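Peer 1: Kindly produce the complete structure, drawing on both the sequences and the hints.
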Amino acid sequence: MKEIDESKLILIDSNGIRTDGRRWNELRPLRIRVGILDRAEGSALVEMGKTKALATVYGPKEMFPKHMANPDRAILRAAYRMATFSVEERKKPQPSRRELELSKVIKEALEPAIMLHYYPRTVIEVYILILQADGGTRTAAINAASLALADAGIPMKGLVTAVAAGRVGDQVVLDLNDVEDKYGDADLPVAMIPATGEITLLQMDGTMSSDMFERALKLAIEGINIIYERQRDALKRRFLELKEKILGGEFYASRD
Amino acid sequence: MKEIDESKLILIDSNGIRTDGRRWNELRPLRIRVGILDRAEGSALVEMGKTKALATVYGPKEMFPKHMANPDRAILRAAYRMATFSVEERKKPQPSRRELELSKVIKEALEPAIMLHYYPRTVIEVYILILQADGGTRTAAINAASLALADAGIPMKGLVTAVAAGRVGDQVVLDLNDVEDKYGDADLPVAMIPATGEITLLQMDGTMSSDMFERALKLAIEGINIIYERQRDALKRRFLELKEKILGGEFYASRD
Amino acid sequence: MKEIDESKLILIDSNGIRTDGRRWNELRPLRIRVGILDRAEGSALVEMGKTKALATVYGPKEMFPKHMANPDRAILRAAYRMATFSVEERKKPQPSRRELELSKVIKEALEPAIMLHYYPRTVIEVYILILQADGGTRTAAINAASLALADAGIPMKGLVTAVAAGRVGDQVVLDLNDVEDKYGDADLPVAMIPATGEITLLQMDGTMSSDMFERALKLAIEGINIIYERQRDALKRRFLELKEKILGGEFYASRD
Amino acid sequence: MLPEIKRSILSSLEKSTMYSLLKDGKRIDGRNFYDIRSIKILPSIIEKAEGSALVYLGNTKVLAGVKVSLARPFEDMPNQGLFVTGAELTPVASPAFELGPPSYFSIELARVVDRAIRSSEMIDLEKLVIIPGEIVWMINIDIYPLDDDGNLIDASMLAVIAALMTTEIPKAEITDLEKGKVNVIKDEKRPLPLVDLPISFTFAKIGDYILLDPSSTEENIMQNRLTIAINNKGEICSIQKGEGGGFKFNEVIIAKNIAIEKVNEVRKLVVNQLAKNPRGPNAWEYI
Amino acid sequence: MLPEIKRSILSSLEKSTMYSLLKDGKRIDGRNFYDIRSIKILPSIIEKAEGSALVYLGNTKVLAGVKVSLARPFEDMPNQGLFVTGAELTPVASPAFELGPPSYFSIELARVVDRAIRSSEMIDLEKLVIIPGEIVWMINIDIYPLDDDGNLIDASMLAVIAALMTTEIPKAEITDLEKGKVNVIKDEKRPLPLVDLPISFTFAKIGDYILLDPSSTEENIMQNRLTIAINNKGEICSIQKGEGGGFKFNEVIIAKNIAIEKVNEVRKLVVNQLAKNPRGPNAWEYI
Amino acid sequence: MLPEIKRSILSSLEKSTMYSLLKDGKRIDGRNFYDIRSIKILPSIIEKAEGSALVYLGNTKVLAGVKVSLARPFEDMPNQGLFVTGAELTPVASPAFELGPPSYFSIELARVVDRAIRSSEMIDLEKLVIIPGEIVWMINIDIYPLDDDGNLIDASMLAVIAALMTTEIPKAEITDLEKGKVNVIKDEKRPLPLVDLPISFTFAKIGDYILLDPSSTEENIMQNRLTIAINNKGEICSIQKGEGGGFKFNEVIIAKNIAIEKVNEVRKLVVNQLAKNPRGPNAWEYI
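Residue numbers (our numbering), protein chains in the order written: chain A, 122 to 377; chain B, 122 to 377; chain C, 122 to 377; chain D, 232 to 518; chain E, 232 to 518; chain F, 232 to 518.
Take the hints with a grain of salt, since some may be wrong.
[Unchecked claim] Here are the simulated BS3-like cross-link-like pairs (lysine-lysine), alpha carbons at most 27 Å apart as the crow flies:
no., chain 1, residue 1, chain 2, residue 2
1, C, 171, C, 303
2, D, 358, B, 303
3, E, 464, C, 303
4, F, 246, F, 257
5, B, 213, E, 358
6, D, 499, D, 271
7, C, 187, B, 182
8, E, 420, E, 410
9, C, 225, B, 213
10, F, 271, F, 464
11, D, 412, E, 412
12, A, 171, D, 402
13, F, 271, F, 358
14, A, 213, D, 412
15, A, 171, D, 417
16, A, 366, D, 246
17, B, 213, E, 402
18, A, 187, B, 182
19, D, 279, A, 213
Hints in this document: simulated from the structure, not taken from any laboratory.
Computed from a prediction, not measured in an experiment: that's the story for all the values here.
Peer 2: Structure (structure tokens):
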């Protein structure tokens, strides 16, 4: 049931157009919604092209077992999971080694942005469910997770924003889709705290020359800056929404 | 190694006689023994036809880990397991999803009968091992478990008693055996506290009309009342036995 | 990929020479090194022929969870694992039932030698990794583990020393290699505390007459006495080495 | 964070006010005892799944997805396709759920939904056979609750039947009958053969009151629940009592009668929503 | 509940009195040091198993069951049937046992019993071959202790050999030699081909005393144990030392000699019980 | 026990002195910021493995072993052999490691090494095919850290490439092409076909300092790390940032430049060590 004959695959045509119609430095359509779930303390859905990442946040809350708590700061937990039907061939529900590695690097990408020392002995939990996977799930996951953290009111140095750059032949490209990820020549996912300039996730597979790597990293950072604006807009909309609800008396607290 | 050709299978013959010689409203031979194990605090073996369920009870005892304890009442734990050789094809020792679901519904069938609030912060444990499975294992399990609880001296509102009714064609039948369970048209296991009239387990698969369902439920309750009498007799025998042992000085306590 | 045709296999030739050139009562070449790792508190590598066992020791240290600690003495934990590439066909990394059983009997072989009551509420941990398996891994493991315990400064009644005897046809043999273990007629691993004469591990599979068993057990004990001397020499070398290092000022403690 | 504040304030009101409301025949969210919350169904919402639906039951949200693959039939059922139902209760939906091995409730949820589909013979399994005894279609149904505001069983049941109703199976051409080889043509699709549409109704018992479609607020104080599924013919096709506590005979009969009374209305609503609601990935706009 | 009361009262007596009794050559239940508790064997007690037995060793009760199925032989042993021994130590038998992954002791128990059967070559594995290299019979032996009053190893060993002695294998007709297809005729059965009857003897060391067949009271204070199994020829076919503590050379020799001395008496008893005791499901009446 | 004493005394010095040393451009063990500790490679140290090497990186010791076996290729890659990389972080190497299911770090370690091998196309997988689509060689690489004094990633990477360089594959004769049967001739061997030699460089960030090849003392206080692997052509073939904390753009560029600057020197060292160092089981003498 292999669907793509690699030899015939043209990822960028002679006019510089990619398989989904984009140019080399264009992002996929981006949709962001914050606070879409009621039960979670913070939530966000981020769609980058066909990739859909849902993130929820709980905490800070008491840590069990207690001897695992850190007396100086909150512990951050992150879990990245893919829905069984998010990919072509059904994924088993048990987490794969890939899902476990991504849970780790996503946690480490978010950690530097959070004021963990405000909440000693507690735990903050981030859960990400990939509803559909079409390339760039880890970067969509990070974008969703940092918005869900903000929605939950967790104090942060700044949002964390992520996108991949990559290489297709001798061309640097931005925000790889699934086909480019699988049949391209290199994938370079990057996460950054735009407010401080810190790169908090950096991975690469495939190969890139030293020079091309610098160009790709710069391209990713440009993409991050665009996405960051969109994240901030979405957050603003969310807070306006909440303000209206509170003034409108939807919360019982305001009934008295 | 399929043994039964479903198309030729006649579950009730033209005289209204079932595969094991019973009429529609007859129970299978029932054998009950209480207190047959020494090490457990309470135990009972219930045989309904060829189905054999052994139950043991421990507690109330201290709950670990402590933060899982309930400050207001005892926690009830129940585990239902089938011996590997209890069925035609060997069952693997790891609990199946079916065994885990039955552990849950059996626990919930017993819970309402037990005075859990007498023993805050403790745990009461019920273990059921199906030695042989020939239909109706969950109802035999409940009958054995409530006797084992009584044998262990756990205070209860009343015994819990269980039996299945079901449908074979347009006929309602009582206490399904394995063949009727597999090739019949509906299975309706019911557990009740006869002393209070509360139905504490109710499940159904297959299909039944509204009307037939009412008849089947009533039939199950009639069966429950018969089994309940037999449970009480068995308990009485057990307590007489114990009384004799104590008066007869079998216990060291009475040597002084 | 079977490599050995059992029917043609001659384990002892007409001159009484075994497959690796030894006579019936000869040990394999033995190499012992103590304290070869820096991070572990105690360590030893024991090679018996091609079998290589590496042991490390930690503790006594605080026991978690606390309610599992013993108020009267230290708890000893031992784990025996084989490297995936230690055998002909790759072993899966998950511990097999054999590895779990050997962990238990090795722990019980070491336990009687250790002054566990000196350290109530603590745990002492022994980890053994078989780097290469060529017969007699459990005895090499015990020899290495008791040296690692000594290296870690854990007080003991004496070292524990181990070797297997066995039967090939009507011949008793010492220190079986892999071929003798697999195609011989009986394997009798023995561990002893030479200082007290206590046998702390004794297992057997295959068959032996009553008389031959006594001879094999005596032969194993003779082998143990030889190995014990070598263990003591290795420990002495280790302590001399350490003494030199300390006097030579390699440790920061001696700088002041 | 705000929903939690909302909830903690509610919970003080809750327990004291709910019983007095119930005494007057009212529920905390204004519903009558046998009212179901509003149902919204967004079909075919995951393009990579062969079938999918996102269902809102009030504020409860459940996503179900269907994957279709080739498999070997069971030896004693050579002429039947296969289906398997799973439920993943992740902390996405509720802080009460944990990662790790499946909880008892997630197993119960999957099995209750599975039994209703199986007992009603909703899927025509014989039409899923490609080569008898050799190759059949296997239907994997997976339930992902996204937001738990109570009654996950009925919401999951709705999501699953909607997802199955959107499911399409590719064409399978037999290329070598003897060796059992098959060529899958992804572009030629037909709908999954369905012959029933079971609907489930879950009742909570609070004190002596029986309430249909409990919210999470009501679940927090209920003693127990009863789920009854009804097939196209109006027959009961599955029952499950859950949690401790017991039902009186009469309460069971009332619940059964309500379920039968309501089933056509709900079934029509499901069919209507599937017909009229936006289909495909852009439906996410409506969330 | 009463057994626990009994036990707690005992335990105060126990530790103080047991040693003084042992000094006088007596055990707390009146036995001499090398006496085995009474053995009762109820054979063929589970109809759905191809073989089974319930064994009483004093108050210790162990149920063993055998299931027989078709399997592929190991590649390097094309002419041998297979057998696998498992032990399920559930809390049914003792509050010391837990549900969950197998404990170290349950693994040890299964492997010790397995080794004795394997080393004695009790089962004639070559007679279990149907098509060499293709299909053989696999014998699954599962041990379920029901009541642990000590010495589960010997009780399990007895239950397993009794269960194997009652085991019957259906006839397997080769229907297609090339494809390795086989038809099983359940009604035509033959006994499992057995060529030995290993018996195990477990000794406990308490202080300097060596006791055969320890009860749970004795196990509570023993330092260690030694199990020795003897085959039909009077050879040792398996040894296992267990628990911390050590044995002196002489103690091992004494245990070995006692085992060899006792083996014929116990083996005869097993054969007799299997011949005379009620067989089949009604045997449960005798429990 | 002594290493622990040593360490606890160190740790008081450590945190206070390390920063002041770094300010002067020095590291606690005397190295400059971009110095790698001494590398020693003992090849072919496990006879039963088809390839193996023990690597010292300062006091860090890692053993890697390679097993070769027959396997079926993936359906969509009929013309490629397989390789799988695993890492077992046992308490042998450090009290920080635990037995049980693989930790996050052990999964990361294995995957980072695997990616560098895969991206550099180090192994010529097409030359591992025996019958296309039917049988290929599978290469299992397993990493066992033995002593963790920091920078397990680079040490593991070195151990793995050295182990692969020593790996030999037996001859496989096709005996039945149709049925896909193969005869393995263990005595006729050829080296594993390798076409690249990726080298990884791991940098730690402490305060604003970037250090190459951190020791465990340095890892204890680092904020984060960055690993960059370089292939034969001087291209980057893998990157992994690890731990919390972030890198500035410039820091990444510096690390990348250092890695490219150092790669030839390290690659030459590996090749030399493999050529000159004692090979085979007696190499253990040198430990």
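Peer 1: Sort out whether residue 358/F lies within 27 Å of residue 271/F, counting only the CA atoms.
Peer 2: violated (30 Å)
Peer 1: Would you check the hint for residue 279/D and residue 213/A, treating anything up to 27 Å between C-alpha atoms as holding?
Peer 2: Since the Cα atoms of residue 279/D and residue 213/A sit roughly 15 Å apart, the hinted pair holds (cutoff 27 Å).
Peer 1: Would you check the hint for residue 187/C and residue 182/B, treating anything up to 27 Å between C-alpha atoms as holding?
Peer 2: holds (19 Å)
Peer 1: Would you mind confirming whether the straight-line C-alpha gap from residue 366/A to residue 246/D stays at or under 27 Å?
Peer 2: It holds: about 25 Å lies between the C-alpha atoms, which stays within 27 Å.
Peer 1: Taking only the CA atoms, is the gap from residue 213/B to residue 402/E under or equal to 27 Å?
Peer 2: holds (24 Å)
Peer 1: Would the pair residue 499/D and residue 271/D pass a check requiring their Cα atoms to be no farther apart than 27 Å?
Peer 2: Given pair residue 499/D, residue 271/D holds - Cα atoms ~13 Å apart, limit 27 Å.
Peer 1: Taken at face value, is the distance from the CA of residue 412/E to the CA of residue 412/D at most 27 Å?
Peer 2: At roughly 21 Å apart (the allowed maximum being 27 Å), residue 412/E and residue 412/D satisfy the hint.
Peer 1: Below or equal to 27 Å on CA atoms is what counts here, so check residue 271/F against residue 464/F.
Peer 2: With a Cα-Cα distance of about 24 Å, the restraint between residue 271/F and residue 464/F holds, given a limit of 27 Å.
Peer 1: Residue 171/A and residue 402/D were given as a pair; does the straight-line alpha-carbon distance stay at or below 27 Å?
Peer 2: holds (25 Å)
Peer 1: Would you check the hint for residue 187/A and residue 182/B, treating anything up to 27 Å between C-alpha atoms as holding?
Peer 2: holds (23 Å)
Peer 1: Taken at face value, is the distance from the CA of residue 303/C to the CA of residue 464/E at most 27 Å?
Peer 2: holds (23 Å)
Peer 1: Between the alpha carbons of residue 171/A and residue 417/D, is the straight-line distance 27 Å or under?
Peer 2: holds (19 Å)
In this structure, only the earlier hint numbered 13 is contradicted, and the remaining ones agree with it.
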